Structures are given as C-alpha cells and as structure tokens.
Amino acid sequence: RAQNRIRELESLWSVTEEHSEIYAANHSGGNPVAVSKDTAELVRYALDMAERTNGALEPTLYPVLTAWGFTTDRFQIPEREEIHRLLERVDYARVSLQGSALTVPDGIQLDLGAVGKGYAADETAAILRENGVNSALLDFGGNILTIGAKPDGSPWRVGVRDPDSEGNLGVLELNGQGVSVSGGYEKYFIGENGERYWHILDPATGAPARSGLVQTAIVSGESKLCDALSTALFVMGLDDAVQYWREHQDFEMILLAEDRTVYMTEGLSDAFSLGAGQEGREIQVIRYES
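Just so you know, the working numbering puts the end of the sequence shown at 308, numbered straight through with nothing missing.
Among the hints, a few may not be true.
Label pairs and their calculated CB-CB ranges [what the hints assert, rightly or not]:
(1) S183 - G159: 17 to 23 Å
(2) H266 - H45: 33 to 39 Å
(3) S183 - Q116: 47 to 53 Å
Since the hints were made in silico from the structure, they are not lab data.
Treat the numbers as computed from the prediction; the structure is a model and nothing was measured.
Using N, Cα and C, we set each Cβ at its ideal position, and we do this for glycine too.
Work the whole structure out from these sequences, hints included.
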C-alpha cells in the first residue's frame, strides 16, 4: 500500500510526464485545470510556504533551473539576459488555486519538487502507522522520516554528511521525527572559470544562492516542512534563517556556514553530536532568546 501510494503521488506531480496533473496545469495555456485532493493540498502548502518565506521557496523556478541544466544534466551558465527574461515568468503569487481548480498562467511552470518528497514521506508514514507499524525509518533521498524509536527502544541515529569529506559532520538522534538536508554539494557543476555552481537557486537573482551557508538540516515531525525549509533557509542565509526560526519555532535546524562553523538550535543540544574527526569544530547554539 505504501509503495502504491508513492507511485500514485509521483504520477500526479511529475513536471515532465504528460499524464500528470502538474504537467496538464503547466501546459493549459493559462486555463483552469481540475486537480485531485492530493495535488490541491500540496499546491496549497507550497504556495503557503512560499508566502511564509517571502519567496525564498519559489515553486515556479523550474524554467530557470532548466536554463542552468539542473533538470536535464546538460549543465551550462546561462547568459544574464536569458536569466532576466526567465525571471519575468517566475512568480508563485500568480498561481491560483480555487477549490480544486488550479490555474497556472501561460509561460509559468509550477514544480512541486521542493515539497513533494516530504509530503510523500508523511503519507507513507501515515499508511504504515494505520497498519500497526510503530518502528520504521523511511529514506526519500535527502529526506529521512522515522516512526517511533528503533525496535529496541533506542533512538534512530542518522548521519549528517560533511560536505568536505566522505564522513559525517555529525549524528542526529531521532524518535518520530524527520530530517531534510540541503547543500551546495548535492548537485553542481564546475564552470570553466573554476567556480562551483549548485542547483539551489536564489529566486531573486536566478543564480546559485550565495547566502553564506553551505548546508542546512531541518528537523521536524512533519517531513514536508523539513523539505520546504531546508531549501528556503539555505537561500535566506544565517541571519534570516535564525530570525525565521525564532518567529515560528515549529522545527529545529543545523546550519553550516562557509567558515565551517556549525549553528544549531538549542532544541537539538541533546540530539546532535559531532562525528569522528570533527571534535575541534566550533558549534554555536542558537537560543530562543537572542
């Protein structure tokens, strides 16, 4: 049942499969398209998170990602004029959802990739719980979600990758929570100028986000929230991410800055430990009161 549910959701949300509801909305010429409850819920969530993050999460950035080659693996550095032209077609606020009627204006392309895996993980966990599973670890490729503790009662131990080595930055202990990790090391290419260009783009510039962060890890009981915020807070950068956390406090986070300092919210103080060989790394604890 869980596997079938995952396949069902993928068939609804694929940007490239012609039978999907998102593909139909993107190619409707700006006309309303009737969508399923699942698609409506996810679109509503994506638009809400875009609003809450002031556009740091931008679900209509797909044409710009394509221009860089991140959707096709044919990497290139687009001309500034092309990026500027494509950014004129990037605006989540122009996407309309009225009940089950989804309207994507002509020229805009909606992509739910930044929240889809998290939503699917939450749905999968719900099915497993309904069928009596009280201990499980789900891996959705960058999104981990746990159900309860391990069968022996101890917490799940999940490694957070060190971007600079093959080892772990540290280990998170989870019990009924999820974690999503985003970083500039996941999908990138090296330009002829020797510079690294990664797939997390800043919607304001259409270029790879240079926010002073190299990695974000978001912990929450809701995988779709982890999914959305791991991208959005990477784009925001340290100061805005900390401010966002203090305003909402419905998640925890670990941020790795360019100087390799680890910033960790105080709710993870007992759940996160540095990995082998990382003992000398500086950790700054972010507290509820600044």
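Honestly, do S183 and Q116 meet the 47 to 53 Å range at C-beta?
The hinted range 47 to 53 Å holds for S183 and Q116, with Cβ atoms some 50 Å apart.
Holds or violated: the 17 to 23 Å window for the beta-carbon distance between S183 and G159?
At 21 Å between Cβs, range holds.
Just to be sure I understand the hint, the distance between the Cβ atoms of H266 and H45 should be within 33 to 39 Å; is that true here?
Because 35 Å falls inside the window, the suggested range holds.
Comparing the model with each numbered hint stated earlier shows that all of them hold.
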